[in-house]
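With chain A fixed as given, assemble chain B onto it according to the hints.
Quick note, the sequences are listed as chains A and B, same order.
Numbering of the first sequence is given in this note's numbering, commencing with residue 1 and proceeding in unit increments.
Numbering of the second sequence is given in this note's numbering, commencing with residue 1 and proceeding in unit increments.
Hints are not guaranteed to be accurate.
[To be verified] List of simulated lysine to any residue pairs, SDA-like, C-alpha gap at most 25 Å:
1. K147/A / N229/B
2. K46/B / G128/A
3. K68/B / L304/A
4. K179/A / V313/A
5. K297/A / S13/B
6. K86/A / R165/A
7. K179/A / K166/B
8. K227/A / S8/B
9. K68/B / R299/A
10. K68/B / K82/A
11. K166/B / R137/A
12. K82/A / R165/A
13. K68/B / Y301/A
14. K8/A / P280/A
15. K79/B / K227/A
16. K227/A / P163/B
17. K147/A / K227/A
18. K179/A / K8/A
19. K205/A / D229/A
20. K199/B / I141/A
21. K279/A / E108/A
22. K79/B / L291/A
23. K227/A / E30/B
24. K297/A / E51/B
25. K227/A / K199/B
26. K68/B / P50/A
27. K247/A / E106/B
28. K227/A / S13/B
29. K8/A / R135/A
30. K147/A / K46/B
31. K297/A / V151/B
32. K218/B / R95/B
33. K227/A / D215/B
34. K8/A / G185/A
35. K86/A / F162/A
36. K166/B / E106/B
37. K227/A / K68/B
38. K297/A / E30/B
Hints are computed from structural coordinates only; laboratory data are not their basis.
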Amino acid sequence: MKVFNVLKPGFLTTIQDLGRYGFLKYGVPISGAMDSFSLTAANLLVGNSPNDAGLEITLIGPELQALSSIQFAMTGGVTSPKINGKDVPMWQTLRIREDEILSFGKMESGCRAYLAVKGGINVPLVLGSRSTYFRGRLGGIDGRQLKTGDIIEVFEAQPLKFEYRMPEEFVPHFTNHFKAHVVLGPQVDMFTEEAVATFLHSPYKVTLEADRMGYRLEGSIIEHRGKADIVSDALLPGAIQVPQSGKPILIMRDAQTTGGYPKIAVVISPDLSMLGQAKPNDIMEFHGVTLEQAHRKLREYCKLLQNLDSMLVRSPNSL
Amino acid sequence: MKPESHASARYLSFGDTALLIEFGDVISLEVSRKVIALNEAIINAKIQGVEELVPTYRSLLVRYDALKIGYNQLVFRIKGIEMTLKDIRMEKVGRKFTIPVVYGGEYGPDLGYVAQFHGLSEEQVVKIHSEREYRVYMLGFVAGFPYLGEVADEIATPRLETPRLKVPSGSVGIAERQTGIYPCEAPGGWRIIGRTPIKLFNPLQQPPALLASGDTVKFKPISEKEFKNGITAK
Numbered sequence: 001m002k003v004f005n006v007l008k009p010g011f012l013t014t015i016q017d018l019g020r021y022g023f024l025k026y027g028v029p030i031s032g033a034m035d036s037f038s039l040t041a042a043n044l045l046v047g048n049s050p051n052d053a054g055l056e057i058t059l060i061g062p063e064l065q066a067l068s069s070i071q072f073a074m075t076g077g078v079t080s081p082k083i084n085g086k087d088v089p090m091w092q093t094l095r096i097r098e099d100e101i102l103s104f105g106k107m108e109s110g111c112r113a114y115l116a117v118k119g120g121i122n123v124p125l126v127l128g129s130r131s132t133y134f135r136g137r138l139g140g141i142d143g144r145q146l147k148t149g150d151i152i153e154v155f156e157a158q159p160l161k162f163e164y165r166m167p168e169e170f171v172p173h174f175t176n177h178f179k180a181h182v183v184l185g186p187q188v189d190m191f192t193e194e195a196v197a198t199f200l201h202s203p204y205k206v207t208l209e210a211d212r213m214g215y216r217l218e219g220s221i222i223e224h225r226g227k228a229d230i231v232s233d234a235l236l237p238g239a240i241q242v243p244q245s246g247k248p249i250l251i252m253r254d255a256q257t258t259g260g261y262p263k264i265a266v267v268i269s270p271d272l273s274m275l276g277q278a279k280p281n282d283i284m285e286f287h288g289v290t291l292e293q294a295h296r297k298l299r300e301y302c303k304l305l306q307n308l309d310s311m312l313v314r315s316p317n318s319l
Numbered sequence: 001m002k003p004e005s006h007a008s009a010r011y012l013s014f015g016d017t018a019l020l021i022e023f024g025d026v027i028s029l030e031v032s033r034k035v036i037a038l039n040e041a042i043i044n045a046k047i048q049g050v051e052e053l054v055p056t057y058r059s060l061l062v063r064y065d066a067l068k069i070g071y072n073q074l075v076f077r078i079k080g081i082e083m084t085l086k087d088i089r090m091e092k093v094g095r096k097f098t099i100p101v102v103y104g105g106e107y108g109p110d111l112g113y114v115a116q117f118h119g120l121s122e123e124q125v126v127k128i129h130s131e132r133e134y135r136v137y138m139l140g141f142v143a144g145f146p147y148l149g150e151v152a153d154e155i156a157t158p159r160l161e162t163p164r165l166k167v168p169s170g171s172v173g174i175a176e177r178q179t180g181i182y183p184c185e186a187p188g189g190w191r192i193i194g195r196t197p198i199k200l201f202n203p204l205q206q207p208p209a210l211l212a213s214g215d216t217v218k219f220k221p222i223s224e225k226e227f228k229n230g231i232t233a234k
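Pulled out of the complex, with its shape left as it was, chain A reads as follows (with noise of 0.2 Å):
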């Protein structure tokens, strides 16, 4: 079913569902949506299933005529949406008629908004996942970005017969100063003690390098005990690279597979989605955190996720 012509498709805006798992070792990173809570829970406000694949608005939100008439969700960054120029809420179900258009103000907080159409965004699945990785051009829409003129489809589904709204203390809020939970590792030993307490008590500043393959941080020199150079090995989203310059570099979900820059430590997965929502000339801070004080983290996680769609406000279809 066609529910949205791109009139402007905004600074970058991808089709992403949670990723593209099970081939990193052929060198294709995972992708996904950089704040996966937000895409997991615009997802559940619609009756998705929380992988369905749905819209990464980046900063500068697109302009889509409604080609039928549609139920759909935002979440994420605040980006003040619009339907025919009227304010329209986030985190909860929404409705749109044909012809109407959604539009989007200023990101006022946060850097990525996300939008799920009820049935989810009907794009082949390139390697299991539908999320655009667009160096390696693959998923999405020819593996790319939106342009002008693109038409999103979805896939037929039922009409919900209630609408749902997110209870505030679910609501992530973003200021521009963030603070992630880190598990020191795996090369850690390369670092001098200094340098690991400066890196853990100092703010990092992201710098103008900060897209879906990761960011550049600023901030205090992290000092290596000797060389700063190692023989290529395993990446994965969250893990900080120090190369010799000792300006960190916090990898995201689009970074390439390898690299040869030892990693002081990696961001628990948890406080990832979090950390998707920076821009540059935010504020980062790094609290390390035991392997064990991470899985009890990492386990409460997955557990608000599996209640999430049960604490939903449900009240009658008024729409």
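Chain B in isolation, oriented as in the chain A frame:
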């Protein structure tokens, strides 16, 4: 300085979702054999909770689901597997591939530089590059890109000082003692000496990459005409 090939494997946590088993910090056949042997053995062991394995030059990354298997339990299982490998010391022999390459000219713009750098003729560089069997140490950089080694010292050449913004799909390059093939157009700093008509990556096929870690590759010089006819790999 630390020894670059560890006496025994190091088991390191990689965040809350992966275990890294590190064998050394060196490009060597010995380390790579250990990595591939353990990779195969873990696949065969079908450990509940192990989601994905990534072999590299130096290490094997094991992505796991901590809700299904604890870190200590996983380390214990894999150490047990590693012990048995020490006794048997065998490795499944990888597949062998012949990759046709048209060397030089517009297809290999750096062949002249590599020759000059070593005081060789272009023909000698081609002969040296194509007479060796190379091991696929790992795939990375871009989808399907094989890191092959090791190139003979006589033609090992440093990377370009300024990487090219676009290296054509199929380009065969040299970077120090590594050689590799660009599966798609990408930016890159390797010295490009030729090009293959073979497609190394196809996301619509399973597996999507032609080559896998542990395979062996030999290059076969072909003419421009043969390149254009697009020979297929054995």
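Against the structure, the hints come out as follows:
Of the supplied pair hints, the one linking K147/A and N229/B is violated, its CA atoms being roughly 36 Å apart against a limit of 25 Å. Proximity of K46/B to G128/A is assessed by CA-CA distance (about 21 Å); at most 25 Å being required, the pair is judged to hold. The straight-line distance between the Cα atoms of K68/B and L304/A is roughly 17 Å, inside the 25 Å bound, and the hint therefore holds. Between K179/A and V313/A the CA atoms are separated by roughly 29 Å; this puts the pair beyond 25 Å, and the hint is violated.
Restraint check: the Cα-Cα separation between K297/A and S13/B comes to about 16 Å, which is no more than 25 Å; the hinted pair holds. Note on K86/A and R165/A: the hinted pairing holds, with a Cα-Cα distance of about 19 Å set against a maximum of 25 Å. A distance of roughly 38 Å separates the Cα atoms of K179/A and K166/B; the hinted pair therefore is violated under the 25 Å criterion. For the proposed pair K227/A and S8/B, the alpha carbon gap of about 22 Å is at most 25 Å, so the pair holds.
With a C-alpha separation of about 11 Å, the suggested pair K68/B and R299/A falls inside the 25 Å cut-off, and the hint holds. Taking the CA atoms of K68/B and K82/A, the gap is about 43 Å. The hint is violated against a cut of 25 Å. A threshold of 25 Å between alpha carbons decides the hint, and for K166/B with R137/A the separation of about 15 Å falls inside it, so the pair holds. Proximity of K82/A to R165/A is assessed by CA-CA distance (about 18 Å); at most 25 Å being required, the pair is judged to hold.
Only pairs whose Cα atoms come within 25 Å are accepted, and K68/B paired with Y301/A is accepted, the gap being roughly 15 Å. Distance hint between K8/A and P280/A is fulfilled; the C-alpha atoms sit about 24 Å from each other, no more than 25 Å. A hinted pair counts as satisfied when its Cα atoms are at most 25 Å apart, and K79/B with K227/A does not qualify at roughly 29 Å. Pair hint K227/A plus P163/B holds up; C-alpha atoms about 23 Å apart against a cutoff of 25 Å.
A threshold of 25 Å between alpha carbons decides the hint, and for K147/A with K227/A the separation of about 45 Å lies outside it, so the pair is violated. Distance hint between K179/A and K8/A is unfulfilled; the C-alpha atoms sit about 34 Å from each other, more than 25 Å. Distance check on the hinted pair: K205/A and D229/A sit about 23 Å apart at the alpha-carbon level, within 25 Å; holds. The hinted pair formed by K199/B and I141/A meets the criterion: a straight-line CA distance of about 22 Å does not exceed 25 Å.
Straight-line distance between C-alpha atoms of K279/A and E108/A comes to about 12 Å, which keeps the hinted pair within the 25 Å bound. Restraint check: the Cα-Cα separation between K79/B and L291/A comes to about 19 Å, which is no more than 25 Å; the hinted pair holds. Among the hinted pairs, K227/A with E30/B is consistent with the structure: their alpha-carbon atoms are about 23 Å apart, no more than 25 Å. At most 25 Å may separate the alpha-carbon atoms for a hinted pair to count; K297/A and E51/B meet this at roughly 20 Å.
Annotation: proposed proximity of K227/A to K199/B is violated, straight-line Cα distance about 37 Å (limit 25 Å). Taken as a hint, the K68/B and P50/A pair is honoured in the structure, with Cα atoms around 20 Å apart against an allowance of 25 Å. Restraint check: the Cα-Cα separation between K247/A and E106/B comes to about 39 Å, which exceeds 25 Å; the hinted pair is violated. A C-alpha spacing of about 22 Å is found between K227/A and S13/B, which places the hinted pair at or below 25 Å, so the restraint holds.
At roughly 21 Å between alpha-carbon atoms, K8/A and R135/A fall within 25 Å of each other, so this suggested pair holds. A hinted pair counts as satisfied when its Cα atoms are at most 25 Å apart, and K147/A with K46/B does not qualify at roughly 44 Å. Proposed proximity of K297/A and V151/B is contradicted: the alpha carbons are some 47 Å apart, above 25 Å. A threshold of 25 Å between alpha carbons decides the hint, and for K218/B with R95/B the separation of about 11 Å falls inside it, so the pair holds.
A C-alpha spacing of about 31 Å is found between K227/A and D215/B, which places the hinted pair above 25 Å, so the restraint is violated. For the given pair, K8/A sits about 43 Å from G185/A by alpha-carbon distance, which is inconsistent with the 25 Å threshold. Taken as a hint, the K86/A and F162/A pair is honoured in the structure, with Cα atoms around 23 Å apart against an allowance of 25 Å. Taking the CA atoms of K166/B and E106/B, the gap is near 14 Å; set against the 25 Å cutoff, the hint holds.
The suggested pairing of K227/A with K68/B is violated, with an alpha-carbon distance near 37 Å, which exceeds 25 Å. With a CA separation close to 39 Å, the supplied pair K297/A and E30/B exceeds the 25 Å bound.
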